[in-house]
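Engineer: Sequence:
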Amino acid sequence: MITTALSMMLFAIFMMLGGIHFYWLFGGKWGLKQVIPTKSDQTSPPPIPKFATLIVALVLLLFGLLYLAKSELVSVQFPNWIVYYGYWVIPSIFILRAIGDFKYVGFFKKIKHTEFAKADSKWFVPLCLTVGIIGIGLQL
Numbered sequence: 001m002i003t004t005a006l007s008m009m010l011f012a013i014f015m016m017l018g019g020i021h022f023y024w025l026f027g028g029k030w031g032l033k034q035v036i037p038t039k040s041d042q043t044s045p046p047p048i049p050k051f052a053t054l055i056v057a058l059v060l061l062l063f064g065l066l067y068l069a070k071s072e073l074v075s076v077q078f079p080n081w082i083v084y085y086g087y088w089v090i091p092s093i094f095i096l097r098a099i100g101d102f103k104y105v106g107f108f109k110k111i112k113h114t115e116f117a118k119a120d121s122k123w124f125v126p127l128c129l130t131v132g133i134i135g136i137g138l139q140l
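Numbering (my numbering) for the sequence shown: 1 to 140.
Rather than coming from a laboratory, the hints here were simulated on the basis of the structure.
Note that CB positions come from ideal geometry on N, CA and C, so glycine has one too.
Please note: incorrect hints may appear among the correct ones.
Claimed, not checked - Here are the in silico distance ranges between beta carbons for each label pair:
hint: 1; residue 1: Thr3; residue 2: Lys29; range: 35 to 45 Å
hint: 2; residue 1: Ala119; residue 2: Glu72; range: 26 to 36 Å
hint: 3; residue 1: Lys33; residue 2: Leu54; range: 12 to 22 Å
hint: 4; residue 1: Phe107; residue 2: Lys33; range: 33 to 43 Å
hint: 5; residue 1: His113; residue 2: Val74; range: 43 to 53 Å
hint: 6; residue 1: Ala5; residue 2: Ile99; range: 23 to 33 Å
hint: 7; residue 1: Leu58; residue 2: Lys29; range: 19 to 29 Å
hint: 8; residue 1: His113; residue 2: Ile2; range: 33 to 43 Å
As the list claims (entries may be wrong) - Here are the simulated DSSO-like pairs of lysine-lysine, each with C-alpha atoms no more than 30 Å apart in a straight line:
hint: 9; residue 1: Lys110; residue 2: Lys50
hint: 10; residue 1: Lys50; residue 2: Lys109
hint: 11; residue 1: Lys122; residue 2: Lys29
hint: 12; residue 1: Lys29; residue 2: Lys110
hint: 13; residue 1: Lys118; residue 2: Lys103
hint: 14; residue 1: Lys118; residue 2: Lys33
hint: 15; residue 1: Lys122; residue 2: Lys112
hint: 16; residue 1: Lys50; residue 2: Lys112
hint: 17; residue 1: Lys39; residue 2: Lys118
hint: 18; residue 1: Lys50; residue 2: Lys118
hint: 19; residue 1: Lys122; residue 2: Lys109
hint: 20; residue 1: Lys33; residue 2: Lys122
hint: 21; residue 1: Lys39; residue 2: Lys109
hint: 22; residue 1: Lys112; residue 2: Lys33
hint: 23; residue 1: Lys110; residue 2: Lys39
hint: 24; residue 1: Lys112; residue 2: Lys29
hint: 25; residue 1: Lys33; residue 2: Lys50
hint: 26; residue 1: Lys39; residue 2: Lys50
hint: 27; residue 1: Lys29; residue 2: Lys118
hint: 28; residue 1: Lys29; residue 2: Lys39
hint: 29; residue 1: Lys39; residue 2: Lys103
hint: 30; residue 1: Lys50; residue 2: Lys103
hint: 31; residue 1: Lys122; residue 2: Lys39
When you get a sec, could you build the whole thing from the sequences and use the hints?
Structural biologist: Right under this line is the structure:
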């Protein structure tokens with residue numbers, strides 16, 4: 001029961017994040033200033049290639065499908081190696097993202113006064129840490 005609820009929570013998070021990336025892919029502007037790391041003296045973020053946005057959107061949707069399959073509410077078949085490694089790799093990615101690169105992103109970022117840095121501390125780091133902890137918790 002708890003596995004199903006947590007898996008569905010991660011499914012919903014990944015579907016929402018993937019949807020936002022598709023919104024940006026098709027020209028949406030909401031939130032763009034807060035999601036791209038910039039240097040402290042840079043006012044506008046550099047453009048992100050559409051292909052990169054598409055890849056991120058598709059990967060997030062794939063992550064969501066993996067957790068939908070884990071919920072066992074639907075039957076989705078993935079190769080065993082994807083299931084075995086995926087449920088460890090996904091939370092690891094998000095925990096590493098929460099820790100950060102020690103410059104622009106994560107708990108230990110040095111540049112802290114940009115729009116991105118403020119949004120990172122308020123929203124992105126807690127979300128990444130939550131996804132990582134829930135994902136690892138589902139594996140234990």
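Engineer: For the pair we were handed, Lys50 and Lys118, check the Cα-Cα distance against 30 Å.
Structural biologist: Holds: Lys50 and Lys118 sit about 25 Å apart, inside 30 Å.
Engineer: Check whether the Cα positions of Lys33 and Lys50 lie no farther apart than 30 Å.
Structural biologist: Within the cut-off at roughly 16 Å; holds.
Engineer: Under the criterion that the straight-line Cα-Cα distance not exceed 30 Å, is the pair Lys122, Lys109 satisfied?
Structural biologist: 13 Å, holds
Engineer: Starting from the range 19 to 29 Å, see whether the pair Leu58 and Lys29 falls in it by beta-carbon distance.
Structural biologist: 21 Å, holds
Engineer: Hint check: Lys118 vs Lys33, CA-CA at most 30 Å. Holds or violated?
Structural biologist: 11 Å, holds
Engineer: Between Lys50 and Lys112, is the straight-line Cα distance small enough, at 30 Å or below?
Structural biologist: Distance of about 27 Å is within 30 Å: holds.
Engineer: For the pair we were handed, Lys39 and Lys118, check the Cα-Cα distance against 30 Å.
Structural biologist: It holds: about 13 Å lies between the C-alpha atoms, which stays within 30 Å.
Engineer: Between Lys122 and Lys112, is the straight-line Cα distance small enough, at 30 Å or below?
Structural biologist: 11 Å, holds
Engineer: When you take the CB atoms of His113 and Val74, is the distance between them in 43 to 53 Å?
Structural biologist: 45 Å, holds
Engineer: Against the 30 Å threshold, does the CA-CA distance of Lys29 and Lys118 hold or violate the hint?
Structural biologist: 18 Å, holds
Engineer: Are the Cα positions of Lys118 and Lys103 separated by 30 Å at most?
Structural biologist: Within the cut-off at roughly 13 Å; holds.
Engineer: Regarding Lys33 and Leu54, is the given constraint of 12 to 22 Å on their beta-carbon distance met?
Structural biologist: With Cβ atoms ~21 Å apart, the hint holds.
In terms of the numbered hints stated before, the structure departs from hint 4 and from no other.
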